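Participant: Using the sequences provided together with the hints, build the complete structure.
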Amino acid sequence: MIIQNFFFILGRRVISLMYFLGGLTDLTLKTFYFIFIPPFKSERLFTQAKKAGYESLPIVSLISFFIGVILALQTAYQMQRLGSEMYIASIVALSLVRELGPVVTALIVAGRVGAAITAEIGSMQVTEQIDALQTLAVNPIKYLVVPRLIALAVVLPILTLYADIIGIFGGYLICVYKLGISSQMYLNITFDALLFKDLFTGLVKTIFFGMIIALVACYKGFNVEGGAEGVGQATKEAVVSTFILIIACDCLFTALFYFIFP
Amino acid sequence: MNVIEISELTKSFDGHKVLDRLNLNIEKGSTLVVIGRSGCGKSVLLKHIMGILRPDSGRIVIDGKNILDLDEKEFNKLRLKMGMVFQGGALFDSLTVGENVGFNLLEHTNIRGKELLERVEEALCLVDLCGIAHLMPSELSGGMRKRVALARAICAKPEIILYDEPTTGVDPITADSINELIKNLHDKLKVTSIVVTHDMKSAYKIADKIVMLYQGKIITQGTPEEIQNTDHPVVYQFINGLAQGPITEAIEQFK
Numbered sequence: 001m002i003i004q005n006f007f008f009i010l011g012r013r014v015i016s017l018m019y020f021l022g023g024l025t026d027l028t029l030k031t032f033y034f035i036f037i038p039p040f041k042s043e044r045l046f047t048q049a050k051k052a053g054y055e056s057l058p059i060v061s062l063i064s065f066f067i068g069v070i071l072a073l074q075t076a077y078q079m080q081r082l083g084s085e086m087y088i089a090s091i092v093a094l095s096l097v098r099e100l101g102p103v104v105t106a107l108i109v110a111g112r113v114g115a116a117i118t119a120e121i122g123s124m125q126v127t128e129q130i131d132a133l134q135t136l137a138v139n140p141i142k143y144l145v146v147p148r149l150i151a152l153a154v155v156l157p158i159l160t161l162y163a164d165i166i167g168i169f170g171g172y173l174i175c176v177y178k179l180g181i182s183s184q185m186y187l188n189i190t191f192d193a194l195l196f197k198d199l200f201t202g203l204v205k206t207i208f209f210g211m212i213i214a215l216v217a218c219y220k221g222f223n224v225e226g227g228a229e230g231v232g233q234a235t236k237e238a239v240v241s242t243f244i245l246i247i248a249c250d251c252l253f254t255a256l257f258y259f260i261f262p
Numbered sequence: 263m264n265v266i267e268i269s270e271l272t273k274s275f276d277g278h279k280v281l282d283r284l285n286l287n288i289e290k291g292s293t294l295v296v297i298g299r300s301g302c303g304k305s306v307l308l309k310h311i312m313g314i315l316r317p318d319s320g321r322i323v324i325d326g327k328n329i330l331d332l333d334e335k336e337f338n339k340l341r342l343k344m345g346m347v348f349q350g351g352a353l354f355d356s357l358t359v360g361e362n363v364g365f366n367l368l369e370h371t372n373i374r375g376k377e378l379l380e381r382v383e384e385a386l387c388l389v390d391l392c393g394i395a396h397l398m399p400s401e402l403s404g405g406m407r408k409r410v411a412l413a414r415a416i417c418a419k420p421e422i423i424l425y426d427e428p429t430t431g432v433d434p435i436t437a438d439s440i441n442e443l444i445k446n447l448h449d450k451l452k453v454t455s456i457v458v459t460h461d462m463k464s465a466y467k468i469a470d471k472i473v474m475l476y477q478g479k480i481i482t483q484g485t486p487e488e489i490q491n492t493d494h495p496v497v498y499q500f501i502n503g504l505a506q507g508p509i510t511e512a513i514e515q516f517k
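First to last, the protein sequences are chains A and B.
Going by my numbering, the residue at position 166 of the first sequence is 166; the numbering climbs one at a time, nothing skipped.
Going by my numbering, the residue at position 184 of the second sequence is 446; the numbering climbs one at a time, nothing skipped.
Please note that the accuracy of each hint is not assured.
Said to hold, decoys possible - Sample of chain A residues with no beta-carbon within 12 Å of chain B, all distances over it, derived:
1. F66
2. L187
3. F196
Stated by the list, open to error - For lysine-lysine, the following DSS-like pairs were computed, each having C-alpha atoms within a straight-line distance of at most 30 Å:
4. B/K376 x A/K41
5. B/K450 x A/K41
6. A/K30 x B/K376
It should be emphasised that the hints constitute simulated quantities derived from the structure, not laboratory data.
Just so we're clear, the structure is a prediction, and the values are computed from it rather than from any experiment.
Glycine residues also receive a C-beta, built at the ideal position from the N, C-alpha and C atoms.
Facilitator: Structure, rendered in structure tokens:
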């Protein structure tokens, strides 16, 4: 009986996962199709870019600054034992630009912007606004998903670059004012350590992270069932699914780049 | 001439048949009222005509075209001749009242500036809401939202308007002014209307023809007078609002 139940629940989980992945793929293909179908209206794109990008600047600044500071202090703990404090700069720069900057920025945006998108589209679904769009001869994917997808895919790399710079600045403050490394030396080591491929691999994956956030959030919003409770449930699922997909996607890219740019 | 012809329309949700081989024709320029209990599939019927839902089987012919054969682009052309008023209004709450009412014109025409404002104001005045174009939908009462939704549906001057319970949840005076408006659109502009409602007073006032939807089928159709003098037990129970009768007995048996 217990075993039967176990397989029953497992089966249901697998089926709902398949539904999710199938639906998400379907939405992705349709969205890419509608990107190239006129009319092209830029106002909605700018509104979304402002919401996702400009309004995320304060939280991204705060968190990436702290991460830079933490990273410098934690590395200093280890490096001071070895007497090689000057490597702190390169470790901070590399881990921020290659990994922490992209992933942390994506997770912040997923929690802040992705959740808001699901809640907004979910409420529209519940109050029949999506149906109303269709009756007004406007395709909901073209109207709602396309601007969000483009906005996030463009804005996330820019935010990440910004987060990298702020994070390195945090590490700089610790090293120069706390550990007594000269300003010139810190900057020299940072720029020596950073190669173009580090920046490139760090930023390219964020384009995909941005698309994941937009597509999962919109998909979950469109598929809200039930009223306010359904919207809450969908928002929670959207954030969880986005987090998992971002980390999985990051793992894939890291492995890929490891072999492409050894 | 029939502007909408529905034949053998069937739709199930989770194995429950909501529409069961339904047949219905609507004459051009007439007002058809669909009555029936809440949850009997009236709104589902409207959503099929608007192409929001797709049937399991059957045909829906609008203006001589079977809408199930149309691709989205062709169907959208047809949708521009139609308007729908949703039960809760379904106003876009990120846009102002004016942008809501002018949505159709903004998306599908090049009308802008002064002409657009005039068209929006004209539609709003038709529903007695002059000068509120700058408000947000969240600032409106339930009855006002419903009237703004009506203004949005008529702003682009459609030939067919579908109403989902236009008088439910508004005060009796507003309800009557909505009835007047539907009558006026019918008399002056020869708009074809389909009104889904369970408000019998409204139904008698505006209808050219009343049909009753029961268990997924149209069980009766006739003029308001014919419906009032019906000897069909189900229709009789419904229009007179009786707690005892064949509809409720069927539910008792089902339990």
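Participant: Tell me the numbers of any earlier hints that the structure contravenes, in ascending order.
Facilitator: Those not satisfied are hints 5 and 6.
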